[in-house]
Amino acid sequence: MLRVDVEKQLGEFSLSASFASEGRVIGLFGASGAGKSSLVNMIAGLLRPDRGTIVIDGETVDDTAAGIHIPTYQRRIGYVFQDARLFPHLNVAQNLDYGRRMNSLAPDPAQHKRIVELLDIGALLDRRPGKLSGGERQRVALGRALLSKPRLLLLDEPLGALDEGRKLEILPYLVRLRDEANVPMVYVSHDVAELRQLATQIVMLKQGRVTSFGGVKVLT
Amino acid sequence: MLDISPAEWTAILLSLRVAVIATLVATPFGIALAWLLARHDFWGKSFLDAVVHLPLVLPPVVTGYLLLLTFGRKGLVGGFLAEYLGIVFSFRWTGAALACGVMSFPLLVRPMRLSIEAIDRRLEQAAETLGAAPWKVFFTVTLPLSLPGVLAGMVLGFAKAIGEFGATITFVSNIPGETQTISSAIYSLIQTPDGDAAAGRLVIVSVALAIGALISAEWFARRATKRLHGN
Numbered sequence: 027m028l029r030v031d032v033e034k035q036l037g038e039f040s041l042s043a044s045f046a047s048e049g050r051v052i053g054l055f056g057a058s059g060a061g062k063s064s065l066v067n068m069i070a071g072l073l074r075p076d077r078g079t080i081v082i083d084g085e086t087v088d089d090t091a092a093g094i095h096i097p098t099y100q101r102r103i104g105y106v107f108q109d110a111r112l113f114p115h116l117n118v119a120q121n122l123d124y125g126r127r128m129n130s131l132a133p134d135p136a137q138h139k140r141i142v143e144l145l146d147i148g149a150l151l152d153r154r155p156g157k158l159s160g161g162e163r164q165r166v167a168l169g170r171a172l173l174s175k176p177r178l179l180l181l182d183e184p185l186g187a188l189d190e191g192r193k194l195e196i197l198p199y200l201v202r203l204r205d206e207a208n209v210p211m212v213y214v215s216h217d218v219a220e221l222r223q224l225a226t227q228i229v230m231l232k233q234g235r236v237t238s239f240g241g242v243k244v245l246t
Numbered sequence: 005m006l007d008i009s010p011a012e013w014t015a016i017l018l019s020l021r022v023a024v025i026a027t028l029v030a031t032p033f034g035i036a037l038a039w040l041l042a043r044h045d046f047w048g049k050s051f052l053d054a055v056v057h058l059p060l061v062l063p064p065v066v067t068g069y070l071l072l073l074t075f076g077r078k079g080l081v082g083g084f085l086a087e088y089l090g091i092v093f094s095f096r097w098t099g100a101a102l103a104c105g106v107m108s109f110p111l112l113v114r115p116m117r118l119s120i121e122a123i124d125r126r127l128e129q130a131a132e133t134l135g136a137a138p139w140k141v142f143f144t145v146t147l148p149l150s151l152p153g154v155l156a157g158m159v160l161g162f163a164k165a166i167g168e169f170g171a172t173i174t175f176v177s178n179i180p181g182e183t184q185t186i187s188s189a190i191y192s193l194i195q196t197p198d199g200d201a202a203a204g205r206l207v208i209v210s211v212a213l214a215i216g217a218l219i220s221a222e223w224f225a226r227r228a229t230k231r232l233h234g235n
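Those protein sequences? They're chains A and B, same order as listed.
Residue numbering for the first sequence follows this note's numbering, starting at 27 and increasing by one per position.
Residue numbering for the second sequence follows this note's numbering, starting at 5 and increasing by one per position.
Note that these hints are calculated values from the structure, not bench results.
You can take every hint at face value.
Heads up, simulated DSBU-like pairs for lysine-lysine below, C-alpha to C-alpha not over 35 Å straight-line:
| no. | chain 1 | residue 1 | chain 2 | residue 2 |
| --- | --- | --- | --- | --- |
| 1 | A | Lys175 | A | Lys243 |
| 2 | A | Lys232 | A | Lys243 |
| 3 | B | Lys230 | A | Lys139 |
| 4 | A | Lys139 | B | Lys140 |
| 5 | A | Lys157 | B | Lys140 |
| 6 | A | Lys193 | B | Lys230 |
| 7 | B | Lys230 | A | Lys175 |
| 8 | A | Lys193 | B | Lys140 |
| 9 | A | Lys157 | B | Lys230 |
| 10 | A | Lys175 | B | Lys140 |
Next comes chain B alone, as it looks inside the complex:
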C-alpha cells in the first residue's frame, strides 16, 4: 500500500476541504445560473455565457492574477470584504477555495443546464394547473427532475477543483498547511532532489480521485435518463 507521510496527508486533506467548500458554495449559484441560461432569453445572455466559460479557455495564471487584483487585500472586492466582513482570501485556504470554485464553475454549470433543458416543460404546466405557484413548480418538479444533472455537475466541479493548480498558486501561492493543495505539493516535490517517491504517491492519489469522480458523474447521468423515463 501507499505509505503516505503526514505532510502529504496535510496536502490531501487540504485539497479535499478546498474542493468540498468550493463545490458546496458554487452549487446554488450554479443551479440558479443553469436555470437562467436554460429557460430565459435576455439581453446579454451570450455575453454572460461567455464569461462563465472564460476560466475554461483563459490561461489559469491569468484567472489567478485577475482574482488577485479583485479579491486581494488591495483589490476592489477583497479590500471591502476584509474591512467590513473580515473575510480574507489572499494567501489563505479560503482563497484557494475561491480560485477552485471559479475555475470549476463552467464544468459544474454545464450538466445542470443540460438536465434542466431536458425536462419536459409540459410537466411544469401540469403542475401549474394543479395549483403550484412558479417557485413551487421549481422546487417540486424542475429541481427533483434535474437532480441527477445537478449531482453530476457537482461531481465534475469537485474533480476539477481538486486538481486546480495554475490559478490557485498565482492567487494564494504555495504555503504548506494553508494553501498547498495536492497539485502544488506535487509541483514542489518534483523540484526537490529526493521528492520523486512522494510526488509519485500524490500522483496516484489524484489519479484515483479523478477516475472516481468521472465514474460517479457517469453513474448520475445514467440515473438521470432513467428517472426521466419514469422507471
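Chain A with its partners taken away, still in its complex shape:
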C-alpha cells in the first residue's frame, strides 16, 4: 500500500526514514520534532525529498533518481491537518463538495449521505466554518478529505488542537472511519492511547530515524 524510503535535510535536522506497510492504519509515532509532519508532507508531495522513493498504491509518486515528483494535486490523497483548514469563504456543504469538484468526479449522493451520517455533520451543512466548534471543524475536515475519494488518507495529529473532552468526542468517529470507510490511513500522533485504539501498525520515529516498526505492541 505505502512504501517510503526517503532522506531530507531540513536545516540542522536530518530525516532518513524507510518503511513499507500494507496496514489499514499506519500509526506514525514520535515526540514533537521527530520528523513526523515532514514525513507526512513528503508523502503528500508538499515537501520534496532530497533522495529516495515514495510509492502509494503501486504508483511511484516520488523517485529522485528517475526525476519523478508527482505534484500534490495529482496524488489522490486526502489530508486532515491539525488545524482543520476549512475554506472560510465556503459553507460546510461547499467545503465538503470541494474535492469532488476539483477532481471533476460525478456526484455520488450515496457516498455523500454515508459520510455525512458517519461523521454526524448533517446539521452543519449551511454553516460557515467560523461558526463551528473545534470538534465540528475537524469532523467536517475529515468528511471533506474522504469525499475527494482519496486512495490514502493522511491525518496529522487531527486531535492535537482539541482538549481532552473533544478528543473523546472525535475518537469514536475515527474508529468508525477505520472500520467502515475502507480507505487506508497514515495517522500521526504523539499520543500512545490514541494510536493503541486506532493503528494496526506502528512506525516509531526518533530524531529523524525509524527506531521500531511493527504491531501496536511496539508502543510499550
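Could you slot chain B onto chain A? The hints should help.
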C-alpha cells in the same frame, strides 16, 4: 440643489467614462501584478515595484510627457497601435483613460497585494491536497479570499482616476467633450472671468465622488477582515 449645466454634465460623464474604463482595464493587470509581487521572489522585483510606484512620486506633467512620447502618434508604441490596430490615444478620451489608468495603478495594486499577502497559504495547500491544480487554487481560494481587497483597490483606483489632472492635460490636452474631464473643466473655469459658480459646482461633485469612494473602500476593507475570519 446644484443647477448643473449641460457643459458641466458633459465633463462629469466624460470623467466617469474615463475612470470606469481605466479601472476595468487596469484591474486584471493589477491582480496579476499584485499576485506576482505578493507571492514571488525574482530578479528585478524591487525595480518592478519601484516602476509601478513611479507615477505616485513623479511630477504628473512628467508622466504625461512620457506617455506622449511613448503613446503619441509618433511614439514607439502609439505609432504601432495607430498603424496596425487603429487605436489612437493622443487627444482622444482613450488617451485620458490611459493616463488615468497609469496614474492610479499604484493605488489600485496596493490593497490587492496586501489582501493576497494576508491569505493563509495553508488554505491553498489544503486545496492542493484535495486535487486542485495551481490555477484552480488561484480561482477558487486565492481570488475569492482576496476579493474585498481587489474591490477596495478598484474603488481607490477609480477615485484617483476621476481626479487625475496633470498627466491627462499634458498627454491629451483639454478638449471639451473629448478630453475635458472634471479636473480640466474646473481648471478652465477658474481662468474664465465668470466661471466661479460653475467651478464651485464641479468642485462639490468631485468632493462628493472622492468621499464616496473612500467610504466604500473602507467598507470593503472591513468586509475583508470579516471574511478571513470565516463569519
